[in-house]
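Given these sequences and hints, build the entire structure.
Chains as they are written, first to last, in my numbering: chain A, 107 to 306; chain B, 107 to 306.
Calculated directly from the structure, the hints in this document are not laboratory data. Don't take each hint at face value.
Remember, identical chains collapse to one label, so a pair may be satisfied in a single copy or spanning two.
[Stated by the list, open to error] In silico SDA-like pairs for lysine to any residue, Cα to Cα no more than 20 Å straight-line:
#	residue 1	residue 2
1	Lys128	Asn258
2	Lys128	Ala209
3	Lys128	Arg143
4	Lys128	His257
5	Lys128	Arg144
6	Lys128	Asp259
7	Lys128	Gly141
8	Lys128	Asp140
9	Lys128	Ala205
Treat the numbers as computed from the prediction; the structure is a model and nothing was measured.
There are 2 protein chains.
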Amino acid sequence: MTIAQHRDRLDAQLAFVVEIDKLKRVIRRNTLIDGSRRENDAEHSWQLGVWALVMAEHAPAGTDIDRVVRMLLVHDIVEIDAGDTFIYDRVAVEAQEAAERAAADRIFGLLPSDQAGPLRELWDEFEARQTPEARYAKALDRLAPIMANHHNDGGTWALYKVTASQVLANVAIIEEGSPTLGAYAHDLVETSVLRGHLAR
Amino acid sequence: MTIAQHRDRLDAQLAFVVEIDKLKRVIRRNTLIDGSRRENDAEHSWQLGVWALVMAEHAPAGTDIDRVVRMLLVHDIVEIDAGDTFIYDRVAVEAQEAAERAAADRIFGLLPSDQAGPLRELWDEFEARQTPEARYAKALDRLAPIMANHHNDGGTWALYKVTASQVLANVAIIEEGSPTLGAYAHDLVETSVLRGHLAR
Numbered sequence: 107m108t109i110a111q112h113r114d115r116l117d118a119q120l121a122f123v124v125e126i127d128k129l130k131r132v133i134r135r136n137t138l139i140d141g142s143r144r145e146n147d148a149e150h151s152w153q154l155g156v157w158a159l160v161m162a163e164h165a166p167a168g169t170d171i172d173r174v175v176r177m178l179l180v181h182d183i184v185e186i187d188a189g190d191t192f193i194y195d196r197v198a199v200e201a202q203e204a205a206e207r208a209a210a211d212r213i214f215g216l217l218p219s220d221q222a223g224p225l226r227e228l229w230d231e232f233e234a235r236q237t238p239e240a241r242y243a244k245a246l247d248r249l250a251p252i253m254a255n256h257h258n259d260g261g262t263w264a265l266y267k268v269t270a271s272q273v274l275a276n277v278a279i280i281e282e283g284s285p286t287l288g289a290y291a292h293d294l295v296e297t298s299v300l301r302g303h304l305a306r
Numbered sequence: 107m108t109i110a111q112h113r114d115r116l117d118a119q120l121a122f123v124v125e126i127d128k129l130k131r132v133i134r135r136n137t138l139i140d141g142s143r144r145e146n147d148a149e150h151s152w153q154l155g156v157w158a159l160v161m162a163e164h165a166p167a168g169t170d171i172d173r174v175v176r177m178l179l180v181h182d183i184v185e186i187d188a189g190d191t192f193i194y195d196r197v198a199v200e201a202q203e204a205a206e207r208a209a210a211d212r213i214f215g216l217l218p219s220d221q222a223g224p225l226r227e228l229w230d231e232f233e234a235r236q237t238p239e240a241r242y243a244k245a246l247d248r249l250a251p252i253m254a255n256h257h258n259d260g261g262t263w264a265l266y267k268v269t270a271s272q273v274l275a276n277v278a279i280i281e282e283g284s285p286t287l288g289a290y291a292h293d294l295v296e297t298s299v300l301r302g303h304l305a306r
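This is the structure we're talking about:
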């Protein structure tokens with residue numbers, strides 16, 4: 107390709123990167139670990155990418171960690187249009203699915219089609235949770251708010267009246283992706299209940 | 107390894123991930139692309155990881171993009187201790203180097219040593235800028251504030267009295283990593299000068 111042809115593709119890529127800058131303004135329920143403010147989706151996605159690298163040995167043998175990292179970098183991009191959904195709000199979670207698919211069509215569709223396809227597939231794979239990569243990625247995504255709440259005397263759990271059995275349903279998803287991280291998350295839940303930071 | 111042995115290593119990994127959560131509170135000079143507020147290092151690192159994937163074709167053939175992504179995820183972690191340095195403040199940049207090495211020793215040193223070494227090497231490689239991966243990663247890192255300023259009528263350039271020749275020194279670093287991105291950055295600088303957003 108000539109530099110001019112590279113530049114045509116670059117224009118589409120730049121439209122995409124300018125668009126996804128908005129992820130920095132999508133605010134999640136949970137706070138930073140230090141409790142100082144609520145977290146945004148962009149910094150959350152960075153965090154999970156590093157977690158995937160650092161906790162790689164807790165994924166099943168043979169898991170493609172670089173694919174997990176790529177998946178985590180794009181896993182929340184649909185929330186630019188669809189917004190963050192609180193995982194314990196079941197009605198909202200179901201209504202969210204169509205909005206997220208439309209968002210994926212629009213946002214990944216800004217890229218040249220040979221690039222839009224593979225990135226969209228990473229997101230579909232993450233959501234479907236059928237591969238070791240997606241299960242490990244999802245485990246980290248579910249672990250993150252449990253960690254944040256644990257470090258903040260229960261954090262959003264009390265605020266939104268979340269119970270231990272609801273959190274344990276997410277711990278089961280963590281266990282699917284990583285038995286070690288699942289066991290750790292289970293301990294955090296038990297400790298939080300004992301401390302009175304999470305209702306039975 | 108037994109689950110108990112995994113858990114011993116996990117404790118060190120968790121200490122690391124809790125520590126690096128602080129990167130979300132290290133504030134850079136440049137704003138988000140929409141100009142709404144200044145950017146933090148964590149969301150900046152996420153952004154560059156996605157840019158690396160999406161603009162991969164503008165890196166030299168054979169560049170290991172997954173290594174670039176890993177490098178970018180950890181490239182600013184030292185700033186938790188050493189703080190962000192404005193790239194046009196030459197005196198501060200030189201004084202910064204020792205502080206960043208000490209920060210790398212401390213922060214990566216929280217991990218089990220078999221993990222601390224490879225992550226530290228990624229950071230050393232990024233800083234040395236001798237491999238195609240490091241040069242491409244650094245190109246993206248230098249492109250990001252130029253993009254943000256271009257979208258904000260010059261942004262921090264006027265505020266800190268930065269001139270076009272100073273920005274062009276960074277464009278040369280972008281060109282080393284990617285001729286196409288270098289040409290694009292050069293155009294942004296010229297346009298910004300013509301619009302009166304960057305002094306000659």
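Hint-by-hint comparison with the structure:
1. Lys128 x Asn258: between (27 Å within a copy, 15 Å between copies)
2. Lys128 x Ala209: within (13 Å within a copy, 31 Å between copies)
3. Lys128 x Arg143: both (18 Å within a copy, 12 Å between copies)
4. Lys128 x His257: Close across copies (14 Å), not inside one copy (28 Å); limit 20 Å.
5. Lys128 x Arg144: This pair counts as both: shortest intra-copy Cα distance 16 Å, inter-copy 13 Å.
6. Lys128 x Asp259: between (30 Å within a copy, 19 Å between copies)
7. Lys128 x Gly141: The answer is between: 11 Å across copies meets 20 Å, while 23 Å in one copy does not.
8. Lys128 x Asp140: Cα proximity of Lys128 and Asp140: across copies only (8 Å, versus 24 Å in one copy).
9. Lys128 x Ala205: within (17 Å within a copy, 33 Å between copies)
The earlier numbered hints are all upheld by this structure, with none contradicted.
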